[in-house]
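A.B. asks: Sequences are here, hints too, so could you generate the full structure?
So the protein lines, in turn, are chains E and Y.
Counting with the UniProt record's numbering, you get residues 1 to 366 for the letters of the first sequence.
Counting with the UniProt record's numbering, you get residues 1 to 242 for the letters of the second sequence.
In short, the hints are calculated from the structure, not lab data.
Just so you know, these numbers come straight off a predicted model, no measurement behind them.
Treat the hints with caution; some may be incorrect.
[Said to hold, decoys possible] The calculated lysine-lysine pairs, modelled on DSS-like cross-linking and capped at a C-alpha distance of 25 Å, are:
id	chain 1	residue 1	chain 2	residue 2
1	Y	K52	Y	K123
2	E	K4	Y	K123
3	E	K4	Y	K220
4	Y	K106	Y	K123
5	Y	K236	Y	K52
6	Y	K236	Y	K220
[What the hints assert, rightly or not] Facing chain E, a subset of chain Y residues (Cβ under 10 Å, in silico):
id	residue
7	G51
8	V89
9	L113
10	A117
11	R119
12	A172
Each residue gets a CB set at the ideal place from its N, CA and C atoms; glycine is no exception.
Chain residues, written in single-letter form:
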Amino acid sequence: MNTKLSYDIIGLTLFAGVILFGVPALFSYDGFELNTFSRYLSLAIVSMALALSWGTTGLLNLGQAATFGMGSYAMAMHLKLKASGDGLPDFMGWNNVETLPLIWGPFQSLTFTLLAGLLIPAAVGGLIAIFMFRARIAGVFVAIITLAFLVAFQLLVIEQQGLTGGQNGLTGLAQLVLFGWKIDIYSVSFYYMVGGCLMAALIFGLYLTHSKFGLVLRAIREDAERTRYFGYNVANYQTVIFCISAGLAGWAGMLYALVLEFASPTYMSVSFSLAIVIWCAVGGRESVLAAAVGAILVNLAEGRLSDVFVEGWHMILGVMFLVVVMFMPRGIYGLLVDAGRALRRKPASTKEALPFDTPLNPKQES
Amino acid sequence: MSQLQVRDLQVTFGGLRAVDGMDFDVAQGEILCLLGPNGAGKSTTLDLICGKTQPTGGSIRFQDTEISRMLEFQRARLGIGRKFQVPSVYKELTVAENLSVARSMKPGIWHALTHPAIRRSSKMQDILDLVGLQDKMGEPAGNLSHGETQWLEIAMLIAQDSRLILMDEPTAGMTIQETERTARIFRSLSANHTLIVVEHDMSFVRTVADRIIVMNQGSKLAEGTIQEIEANEAVKTAYLGH
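C.D. replies: As structure tokens, this is what we get:
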């Protein structure tokens, strides 16, 4: 309701303040330090995208990394072509590919690349969604199907070496030139570009969750069957949010490929997909903002702790997830909401509930 | 002109004929009660009308449209609402949000994307006043008492504003006073809505029913007013076994 909206706006403002002013100031506007943070911010986008399908609608998409990977490959293909000049990308030569494959051609164009990185994942997500949700597949089966798709898609990318660079992925990329601006990923302005993308994604996500669309999605999460009897085409709602979520994941993938300067099949691995689920769960899957914060916090912790515990880090991540699942199933967000409620409860008087047989409407009764 | 026409309706579950050749009409604004022993096919008949179950034969026409092959949300859009036996409000949503979901005259995605989750309207306020939940608007429905949950469900049915409302044992678990109050609401509803009610409580049926259909083993045993039914020998046999 309105109070929820005002909390979200306050939360977003605080978050924007920290990300856009606090963090750069903390690292004294050092481009190299901020580059690490740009990586976290791009991962925050894919986490908030999962919050839309998982937290809001109750559809656990374990294939989120596949659509993320598509975005990163779209961007990497464009940059690889730019890096290769008039010739073929180097790895194609190693694989005896003599002419540029048909699907690579359009990625010469930046406009096409940006659209493809957003729309191809959305279309693929939508296609899977149509088949699943028309057939009324729900619950754990959504997780299984999306996971199976992820594994199959990763295999396909690795197998098609001549097209995708196989296990090595796409490396040796050019710098992106956007409207004549050659992007230096170790610059403060690049950090602001990624931060701006995250803020835009969050504002979009918050708009969705506060619209009637978001309300119907939450109704579907609780009781899809009941929602159908109100006349809502549940399958269409689920398909649309799956598309949106996949498109955002693709967008995040494009930024990620920029930050790391390569695209690799590891972006589409099962462990990466599960990591997204953990970020989302730690932050709080019910709120897009909390899911973004979760991604940043977990990755920040990983960045700091993995220096100390090189192999043991995954164990820490696993324990973190167990703790969240067992003791705070709604994540940090849930803790905050409960704390806020407990604080507000105290001054309020404990009003007696209205018994069922009290007069309906005093005016009518008299 | 009848609003709903059911002709030779049949459904078979693994060899069991749950509904076997039902024929009946319901007129606009009528309250029809379905009676019958357990397993007579009353709830299944409602399921067939609202689309929860697909019929294996026969036809259902609602306002001159054949609906027996439609999906449930398509039937809901035509104006068929359903209240289930177990209270089915959205426990995690607030009272106001529950009502907003129920107000589904425009169930399309584009409309949903371009409108806020909750719009305060005078109609919404009237409904909340009617059921006495105006102070609980921001409360999650899961925090409501049993009685308040029942009122919320009735409020949602009113908000949905279906032309035909199907109710499965609406007074189950209610006290006598609650049942009487519910009966009064039903009578006021029937000005603009047609109701088909499955009910066991005879005093409730006496108060609300315009017409009664008694079902037995999936088909219609008797049909008529309450007096006609109470005098019917076949009904007595079905209920008492003699």
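A.B. asks: Under 10 Å is the threshold here; is the Cβ of A117 of chain Y close enough to any Cβ of chain E for the hint to stand?
C.D. replies: holds, 4 Å
A.B. asks: Per the CB criterion, is V89 of chain Y less than 10 Å away from chain E?
C.D. replies: With a minimum Cβ separation of about 9 Å from chain E (threshold 10 Å), the hint on V89 of chain Y holds.
A.B. asks: Holds or violated: K4 of chain E and K123 of chain Y, Cα atoms, limit 25 Å.
C.D. replies: holds, 23 Å
A.B. asks: For the hint on L113 of chain Y, does the least C-beta distance to chain E fall short of 10 Å?
C.D. replies: holds, 5 Å
A.B. asks: Can the restraint linking K106 of chain Y and K123 of chain Y be considered satisfied, given a maximum Cα separation of 25 Å?
C.D. replies: Judged against 25 Å, a Cα distance of about 16 Å means the pair holds.
A.B. asks: Less than 10 Å between beta-carbons is the criterion; does A172 of chain Y satisfy it with respect to chain E?
C.D. replies: violated, 13 Å
A.B. asks: Starting from K236 of chain Y, check that the Cα of K220 of chain Y is at most 25 Å away, please.
C.D. replies: holds, 14 Å
A.B. asks: Under the criterion that the straight-line Cα-Cα distance not exceed 25 Å, is the pair K4 of chain E, K220 of chain Y satisfied?
C.D. replies: Violated, at about 52 Å.
A.B. asks: For the restraint on G51 of chain Y, tell me whether the closest CB of chain E is nearer than 10 Å.
C.D. replies: Holds. Min distance 8 Å.
A.B. asks: Interface hint check: R119 of chain Y, Cβ to nearest Cβ on chain E, cutoff 10 Å. Holds or violated?
C.D. replies: holds, 8 Å
A.B. asks: Given the proposed pairing of K236 of chain Y with K52 of chain Y, does the C-alpha separation stay at or below 25 Å?
C.D. replies: violated, 31 Å
A.B. asks: For K52 of chain Y and K123 of chain Y, compute the direct alpha-carbon distance and say whether it is at most 25 Å.
C.D. replies: violated, 30 Å
Checked against the numbered hints given earlier, the structure breaks hints 1, 3, 5 and 12 and satisfies all the rest.
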